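Novice: Residue numbers (this note's numbering): 1 to 93.
Rather than coming from a laboratory, the hints here were simulated on the basis of the structure.
Check each hint, because a few of them may be wrong.
Straight line, CA to CA, 25 Å or less: simulated DMTMM-like cross-link-like pairs of lysine to aspartate or glutamate [what the hints assert, rightly or not]:
(1) 70 to 89
(2) 65 to 75
(3) 72 to 86
(4) 72 to 82
(5) 17 to 27
Given the structure is predicted, the values throughout are model-derived calculations rather than measurements.
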Amino acid sequence: MRSTQQMSITLPVEMAKRVKQRVSNGDYASESEVIREGLRALQERENAVEHWLRTEVAATYDAYKADPTKAKPLDEVWKRLEARMDEIDREED
Numbered sequence: 001m002r003s004t005q006q007m008s009i010t011l012p013v014e015m016a017k018r019v020k021q022r023v024s025n026g027d028y029a030s031e032s033e034v035i036r037e038g039l040r041a042l043q044e045r046e047n048a049v050e051h052w053l054r055t056e057v058a059a060t061y062d063a064y065k066a067d068p069t070k071a072k073p074l075d076e077v078w079k080r081l082e083a084r085m086d087e088i089d090r091e092e093d
């Protein structure tokens with residue numbers, strides 16, 4: 001039984017050019033390899049987001065639910081964020 005399946009895909013012209021360029025530069029042996037690598041990168045990104053949601057976001061939510069008094073009001077957070085952004089802007093000038 002085959003472990004691959006042939007497909008026909010349609011890409012925007014600019015994406016198709018990038019795929020062909022990666023092959024012509026010698027980065028990949030075939031257009032299929034470029035697409036496979038792109039799909040692997042997409043899967044890695046999805047896994048990273050899933051991990052972040054399950055660990056950091058869930059833990060933060062659980063901590064909030066356990067003790068909502070430790071949460072900061074949104075307007076306070078925005079004020080602190082705006083003050084920090086102003087500070088960064090002044091440092092850049």
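Novice: Each hint needs a verdict: does it hold in this structure or not?
Specialist: Here is how each hint holds up against the structure:
Restraint check for residue 70 and residue 89: the C-alpha separation of about 30 Å exceeds 25 Å, so the hint is violated. Restraint check: the Cα-Cα separation between residue 65 and residue 75 comes to about 20 Å, which is no more than 25 Å; the hinted pair holds. For the hint linking residue 72 to residue 86, the alpha-carbon distance of about 21 Å falls within 25 Å, and the restraint holds. Straight-line distance between C-alpha atoms of residue 72 and residue 82 comes to about 15 Å, which keeps the hinted pair within the 25 Å bound.
The straight-line distance between the Cα atoms of residue 17 and residue 27 is roughly 14 Å, inside the 25 Å bound, and the hint therefore holds.
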